[in-house]
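Engineer: Sequence:
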Amino acid sequence: MLAEQPATLAPTRPQTATPKGWEAELQLGFARRAEGDRLATRLVNRAHRGPLAFQKPLYPEGEAVCHGILIHPPAGIAGGDHLQINIHVAEGAHALLTTPGAGKWYRSAGAWGSQNIRLEVEAGGVLEWLPQESIVFDEARARGATQIRLAADATLIGQDMICLGRTARGERFTRGRLELSTRIERAGRPLWREAIALDGDDALLGAQAGLAGDPVFGTFFVAHTGVDAAMVEALREIAPQHGRGAITRLPGVLLARWIGSHAEAGRHWFTQLWSALRPPLLGRPAIVPRIWNT
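Just so you know, we're using the working numbering here: the sequence shown kicks off at 1 and counts up by one.
These are computed hints drawn from the structure, not numbers from a lab.
We put the CB at the ideal spot given by N, CA and C, even for glycine.
Please note that the accuracy of each hint is not assured.
[To be verified] Quick list of simulated restraints, FRET-style, between CB atoms:
no.	residue 1	residue 2	range
1	R175	K56	38 to 44 angstroms
2	E237	G110	45 to 51 angstroms
3	A207	R183	25 to 31 angstroms
4	R172	E91	29 to 35 angstroms
5	R38	E171	28 to 34 angstroms
6	S275	E91	22 to 28 angstroms
7	R38	A207	50 to 56 angstroms
8	P280	A145	27 to 33 angstroms
9	R38	A75	36 to 42 angstroms
10	G188	R290	20 to 26 angstroms
11	P285	A207	18 to 24 angstroms
12	R107	T248	32 to 38 angstroms
Just need the whole structure built from these sequences, with the hints factored in.
Structural biologist: Here you go:
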């Protein structure tokens with residue numbers, strides 16, 4: 001049974017940084033509750049170990065949708081760090097989660113940093129997983145994996161944006177390695193699976209068939225049974241102001257890809273797509289998280 005109060009996971013090692021890095025885990029559970037004549041989404045399970053936290057439930061659009069911000073106090077993942085994030089959205093609940101700013105993968109002398117994310121949405125539930133971009137420092141050794149499990153009629157709207165190097169400083173990703181994987185399942189069957197592995201000197205970084213020299217790339221993805229051809233055509237009318245974007249509808253998943261020179265332009269396009277899709281799919285206008293404007 002889900003606990004209704006925050007808890008701390010039993011530590012498997014001291015909760016301070018060690019030469020082996022941080023070990024951190026965050027578990028969040030959201031459930032729908034009948035409260036008088038209305039339905040509300042409440043945070044019913046919150047547990048953490050190490051430097052990962054959930055700020056607090058927010059309700060900028062009423063109590064049916066719980067917004068929240070995931071916080072990683074060290075601000076980045078260094079070599080030897082291992083982060084685990086588990087999110088569970090129960091039947092009929094609706095959660096929107098984001099981060100307070102760009103995540104970071106720091107340079108490493110050799111050890112890998114890793115982040116594993118598991119998202120589960122039950123029947124009729126909705127999860128909007130909208131973290132801000134991640135910056136991969138030069139010489140980072142980063143490994144990230146996202147696994148998503150959806151019930152037959154659950155909804156997922158998500159995004160992932162990667163910036164190779166601290167471009168504002170003129171840094172590029174010339175050494176190191178980045179490995180990312182994403183898997184989405186619906187009712188136990190795979191909908192979409194993707195993996196990427198890039199070395200700092202990878203030819204794909206400059207190739208026309210790859211990033212063509214642009215340091216930022218991202219994916220916006222939607223798993224909803226109501227996405228139709230008309231919606232896809234309407235989204236294709238929303239062109240990115242900068243960079244290159246494309247939209248594809250696969251069986252069960254809508255994908256929007258973007259490549260460009262700075263993350264802000266990609267975020268802006270993804271927000272436009274999200275704003276256009278949210279009303280017809282979820283019956284709600286797009287309420288942009290306030291943290292995005294700070």
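Engineer: Any hints this thing doesn't respect? Which numbers, in order?
Structural biologist: Result: hints 4, 5, 10 and 11 break, sorted rising.
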